[in-house]
Structure formats: structure tokens, C-alpha cells
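Colleague: Protein chains in written order, with the numbering used here: chain Y, -13 to 179; chain F, -13 to 179.
Calculated directly from the structure, the hints in this document are not laboratory data.
Careful, some of the hints might be misleading.
If chains are identical, the list can't say which one is meant, so a pair holds when it fits in one copy or spans any two.
[Unchecked claim] For lysine-lysine, the following DSBU-like pairs were computed, each having C-alpha atoms within a straight-line distance of at most 30 Å: (1) K33 / K105; (2) K(-7) / K26; (3) K89 / K26; (4) K157 / K33; (5) K7 / K67; (6) K89 / K33; (7) K(-7) / K97; (8) K97 / K7; (9) K26 / K157; (10) K(-7) / K81; (11) K67 / K33; (12) K89 / K(-12); (13) K7 / K98; (14) K(-7) / K98; (15) K(-12) / K157.
Number of protein chains: 2
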Amino acid sequence: MKLLEEKIANEGVSIGTDILKVDMFLNHQLDVNLLDEMGKEFYRLFKDCGATKVVTIESSGIGIAVFTAKYFNLPALFAKKAQHKNVGNEVYSAKCYSFTHGKEYTMNVSKKYLDSSDKVLIIDDFMAGGNACNALIDIINQAGAEVVGIGVAIEKGFQPGGKALRDKGYKVRSLAIVESMSDGNITFRNDDC
Amino acid sequence: MKLLEEKIANEGVSIGTDILKVDMFLNHQLDVNLLDEMGKEFYRLFKDCGATKVVTIESSGIGIAVFTAKYFNLPALFAKKAQHKNVGNEVYSAKCYSFTHGKEYTMNVSKKYLDSSDKVLIIDDFMAGGNACNALIDIINQAGAEVVGIGVAIEKGFQPGGKALRDKGYKVRSLAIVESMSDGNITFRNDDC
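Build out the structure end to end from the sequences listed, making use of the hints.
Modeller: See the structure below:
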């Protein structure tokens, strides 16, 4: 998605060969017009997947997921990190190690909002090693639901998460795939979509 | 806002006289069409406030805030709970006790995204004692920015947060004010807006 690649190139900050900071428009401050365009693009890419629910992970995925869900006219659902009292005890859970935060956390989804009739479109802001996405897939499998697509805003193509999921047969579409970063230059892989 | 009051009355679950669960449409699963209507209503209520930024608190406020910001054509910004590595050290911070989670946490906003030129519209999903909102106001004050409005989805009118903020002169508008809850019945205060 050219619009996103341009935004990353113009405003994103790469540090070394691995860290990409996009907190100016994607995961702290939010460019809502861009998020809306991303939602529209995910709808174009996944509209024939038969999704019944758009599922993401708090917090950075929520903004993209709600605009996506609006185009699909579907409910959005976000997995919660750690135990929130107001989720209740009846949850599907999976553990996930976060490299960003340097610790393991538990991801929860209430059993009330996912069941075996659901076809899930996963939406998230970042894909690197794929840990968070795999934990969410574990939860969706516990519910007996089906993953019909995985939409990612920014994929780090030099990390194994996206390839591993594609190799397993998942329909993964990333709006921007960073092939490499060095000396502040960001190189994108040819469009995935 | 009748639409929200009806949704709470039809789908919300009150427990005792204090707990209101709306995780089926507002803070776990998200009814994005409702969130969009709430964003439109906040625009109607605050469009003349001169806001330059819509600021909320992760996670449940994000969905409402991004739709609101879309109507305003403004950036959204969410305060992060606890220290996230990717925020950096240059943050405004305030401590906040969460009754929902039974613990104190630190709320952070990067200094890059708030300054003395900003006029902030605060958007959040719930107002009870007002702790989270007051911590966010503290952060906005640290930045030298101005709070021009506070938009709340659901206010617990029997708790002191909303009244205290109105008494201080803030323009607080709540889309639904719960006056009381008992035996599963939810009573609303006359429309605030």
C-alpha cells in the first residue's frame, strides 16, 4: 500500500537494522485518515473471506481493527493482555512473549465472544516474529473458530513470523513489508497485495 | 444519546448497585457502528471547542476516540499504561489508581505529541471516580496544553468524578449517565447533551 509505505519512509524512524518507530502515526499518536484507508484496503483484500468477526490485540491494533470492521459491517473484538477483572473468568488464554516489552504476558478473550461458528479476520499493526499472532491463533483454535485471513499493517520481512504463517497456509496480507533497514534507510519488498 | 442508553438497557449487565458490564459492545467486543455514531455525536457536542487533538487512554477509549477524531479530522493520541519501551523516556507521566484492576499504574504520553499549542478533547469510555481522567488532565497540564472538552461514553452519575470535573469548570458531556442500578434495572439521568 503506497500510502503507508510513503508514510513510513517520510515519518518513520529506523534505529539500527531492527527497530522501526512509527509511534507518530500508528501506535501512540494515530493518523485516523490513514487508519481508515488501511481499513478500506483490508476490506478490498479480504472481502470474500466470509469473515464474521474482526479480531485484534490491544492496544495498537484496535484503531486499525475498528475501521476495518466498519467497512465489513462486523463486530470487532480485541484480545486483552493480562487478567482484567471485567473480562470474567470464562476466557480463552494463551501466553505470549513480547520482545517489545521484554516479558511474557497472557492474552485473554472472553468465551462469550468467540465460538465454533466464527470465521475470524485477524488484524494487527505489526508482524515480526509472529508471537502475538500465533498466541491469538491459539485462542481462536481453542474456540473452534476458523482463521480466514491475517491482515498486518507493517511486516518486518526480515523476521520469520509472516513467512511461517504463509507456509502454514494462512492468507497473510501485509500493507507494507520492510525488507531491510540500515543507516536510516528503509527498503520495502514489492507489494504483497 | 438514546441509541447508547437503549444499547446499555438491552445488552448491558448490571451487578449489584455499582458494576455495569458492557464488554459485549464497548470494551472487549466493539459495536463499531455504535462507536461511529458516538464519534459523530461527540463531534456535534464539541465541534466549536477548537480542539487540535483527541486524546484518550488505552485500551477501551481507543475505538471511540478514533471515530471521533475522524469526524474532527484531527490526530488521535492514546496515553499508555505502564512503561512501554517504544514510547521512549521522554514522556509526561501520572500515576492512577484503577478500581477495575485493583492496582495503581503509570500513564505515559510522549512529549513529542503534546505541547503548549494543543487544545485537547479528552474522550473516554467510562467515568466513575474520575481517577483516570484526572491523571490524563495532569499530563495535559504538564505539557502546558489546554483541555477544551471531556467526552465520556458512560458516566456513573452516582460516583463523584463527573460532578467534580464540572465543578472545576470543565465542559464534560456524557452520552449516557447512569443514575442508579439495582436488581438488574438501570436508570438513566436526563440527557446531558
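Colleague: Decide, hint by hint, whether the structure agrees.
Modeller: For each hint, the structure was consulted:
| no. | hint | result |
| --- | --- | --- |
| 1 | K33 / K105 | within (12 Å within a copy, 39 Å between copies) |
| 2 | K(-7) / K26 | both (17 Å within a copy, 27 Å between copies) |
| 3 | K89 / K26 | neither (34 Å within a copy, 39 Å between copies) |
| 4 | K157 / K33 | within (13 Å within a copy, 41 Å between copies) |
| 5 | K7 / K67 | both (21 Å within a copy, 18 Å between copies) |
| 6 | K89 / K33 | neither (36 Å within a copy, 42 Å between copies) |
| 7 | K(-7) / K97 | between (38 Å within a copy, 21 Å between copies) |
| 8 | K97 / K7 | between (34 Å within a copy, 15 Å between copies) |
| 9 | K26 / K157 | within (17 Å within a copy, 34 Å between copies) |
| 10 | K(-7) / K81 | neither (33 Å within a copy, 33 Å between copies) |
| 11 | K67 / K33 | within (28 Å within a copy, 34 Å between copies) |
| 12 | K89 / K(-12) | neither (34 Å within a copy, 43 Å between copies) |
| 13 | K7 / K98 | between (35 Å within a copy, 13 Å between copies) |
| 14 | K(-7) / K98 | between (38 Å within a copy, 17 Å between copies) |
| 15 | K(-12) / K157 | within (20 Å within a copy, 41 Å between copies) |
Checked against the numbered hints given earlier, the structure breaks hints 3, 6, 10 and 12 and satisfies all the rest.
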